[in-house]
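A.B. asks: Sequence:
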Amino acid sequence: MKKKEIIIAFITGAVAMILLFVLWNKLTKKAEDKVQNDYYIITNQIRKMNKMVVMEQDFSSMQKTRITSQMLGSSLLPSSEKEIVTFTKTNAQVSYDLNKMKLEVDSINKKLIIRELPNADIRIIPSVEIQSMDDSFFNRFSDQDFKKVTKYAKDNAYKTVNQNRLRNEGRKQLTENLDQIFVLAKALNYTIEDQTGQIDVTKL
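Residue numbers (my numbering): -8 to 195.
No wet-lab data here; the hints were simulated from the structure.
Ideal Cβ positions, reconstructed from N, Cα and C, are used throughout, including at glycine.
Some clues are possibly wrong.
Unchecked claim - Pairs of lysine-lysine residues, derived as DSS-like cross-links and limited to a Cα-Cα distance of at most 25 Å, are as follows:
{"no.": "1", "residue 1": "194", "residue 2": "177"}
{"no.": "2", "residue 1": "42", "residue 2": "194"}
{"no.": "3", "residue 1": "73", "residue 2": "139"}
{"no.": "4", "residue 1": "91", "residue 2": "101"}
{"no.": "5", "residue 1": "163", "residue 2": "194"}
{"no.": "6", "residue 1": "142", "residue 2": "80"}
{"no.": "7", "residue 1": "55", "residue 2": "150"}
{"no.": "8", "residue 1": "73", "residue 2": "163"}
{"no.": "9", "residue 1": "101", "residue 2": "194"}
{"no.": "10", "residue 1": "177", "residue 2": "102"}
{"no.": "11", "residue 1": "80", "residue 2": "177"}
{"no.": "12", "residue 1": "73", "residue 2": "138"}
{"no.": "13", "residue 1": "138", "residue 2": "150"}
As the list claims (entries may be wrong) - Derived CB-CB ranges, DEER-like:
{"no.": "14", "residue 1": "121", "residue 2": "177", "range": "34 to 42 Å"}
{"no.": "15", "residue 1": "147", "residue 2": "175", "range": "39 to 47 Å"}
{"no.": "16", "residue 1": "177", "residue 2": "147", "range": "40 to 48 Å"}
{"no.": "17", "residue 1": "155", "residue 2": "131", "range": "41 to 49 Å"}
{"no.": "18", "residue 1": "153", "residue 2": "182", "range": "30 to 38 Å"}
{"no.": "19", "residue 1": "74", "residue 2": "110", "range": "40 to 48 Å"}
{"no.": "20", "residue 1": "107", "residue 2": "154", "range": "42 to 50 Å"}
{"no.": "21", "residue 1": "116", "residue 2": "194", "range": "28 to 36 Å"}
Assemble the whole structure, with the sequences as input and the hints as a guide.
C.D. replies: Below is the structure:
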């Protein structure tokens, strides 16, 4: 009878040990899987966005150019004048290459650390169209004239764009966009830590 009780106690103990081992293994494995998935999802979400255009502005301007020439190049002859009106549309973009953003995921302390932010890439794209042209038989617009007028219009468009203001506005917009990117990290109870000193994490 005692032997039977000993065998039953041994079997019961063994079963209990196996159950505890399986339960412990399941709990620890689940925690490891969660840490890996957190990092994968966060970094994947950022990589999918790659280059992000955070701000886009459009400008337009009219330009009238008059060119006065002496007939046959002589000051003794009357001069002739030609006039051209151009319309310039300018698109300015501020973008950030998120592949250059350096992040660190501290899964133990549940922190997403921003180590480095990419610099703003400002792209200015002017497009010049001829609206009207008034020249004479003796004083025609040449290809060189068109190139000069177009170049001046584009140069003026570049000067019109306030790049510093665009860069500052772009940085504000980047903060708002990062809030959307890091929404998953916050849902997983991660805190955002900025080591660049360029982002107010209280707004994220």
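A.B. asks: Against each hint, give a clear statement of whether it holds in the structure.
C.D. replies: Consistency of the hints with the structure:
1. Restraint check: the Cα-Cα separation between residue 194 and residue 177 comes to about 12 Å, which is no more than 25 Å; the hinted pair holds.
2. This hinted pair checks out: residue 42 and residue 194 have alpha carbons roughly 22 Å apart, not beyond 25 Å.
3. Taking the CA atoms of residue 73 and residue 139, the gap is near 14 Å; set against the 25 Å cutoff, the hint holds.
4. Between residue 91 and residue 101 the alpha-carbon distance is near 23 Å, which keeps this suggested pair within the 25 Å criterion.
5. Restraint check: the Cα-Cα separation between residue 163 and residue 194 comes to about 10 Å, which is no more than 25 Å; the hinted pair holds.
6. With a C-alpha separation of about 14 Å, the suggested pairing of residue 142 with residue 80 holds against the 25 Å cut-off.
7. Of the pairs offered as hints, the one joining residue 55 and residue 150 holds, with about 17 Å between alpha carbons and a cut-off of 25 Å not exceeded.
8. The straight-line distance between the Cα atoms of residue 73 and residue 163 is roughly 47 Å, outside the 25 Å bound, and the hint therefore fails.
9. Taking the CA atoms of residue 101 and residue 194, the gap is near 19 Å; set against the 25 Å cutoff, the hint holds.
10. In summary, the hint linking residue 177 to residue 102 is supported, as the alpha carbons are separated by about 10 Å, within the 25 Å threshold.
11. A distance of roughly 41 Å separates the Cα atoms of residue 80 and residue 177; the hinted pair therefore is violated under the 25 Å criterion.
12. Of the pairs offered as hints, the one joining residue 73 and residue 138 holds, with about 15 Å between alpha carbons and a cut-off of 25 Å not exceeded.
13. As the CA atoms of residue 138 and residue 150 are separated by approximately 18 Å, the hinted pair is consistent with the 25 Å bound.
14. The hinted range of 34 to 42 Å is not satisfied by residue 121 and residue 177, whose Cβ atoms lie roughly 53 Å apart.
15. Evaluation of the 39 to 47 Å hint for residue 147 and residue 175 yields a pass: the beta carbon distance comes to about 45 Å.
16. Judged by the Cβ atoms, the range 40 to 48 Å given for residue 177 and residue 147 holds: they are separated by roughly 45 Å.
17. Taking the beta carbon of each, residue 155 and residue 131 are about 42 Å apart, inside 41 to 49 Å as hinted.
18. A beta carbon spacing of about 36 Å between residue 153 and residue 182 agrees with the range 30 to 38 Å that was offered as a hint.
19. Taking the beta carbon of each, residue 74 and residue 110 are about 43 Å apart, inside 40 to 48 Å as hinted.
20. Between residue 107 and residue 154 the beta carbon distance is about 22 Å. The supplied range of 42 to 50 Å is therefore violated.
21. Between residue 116 and residue 194 the Cβ separation comes to about 31 Å, which falls inside the hinted range of 28 to 36 Å.
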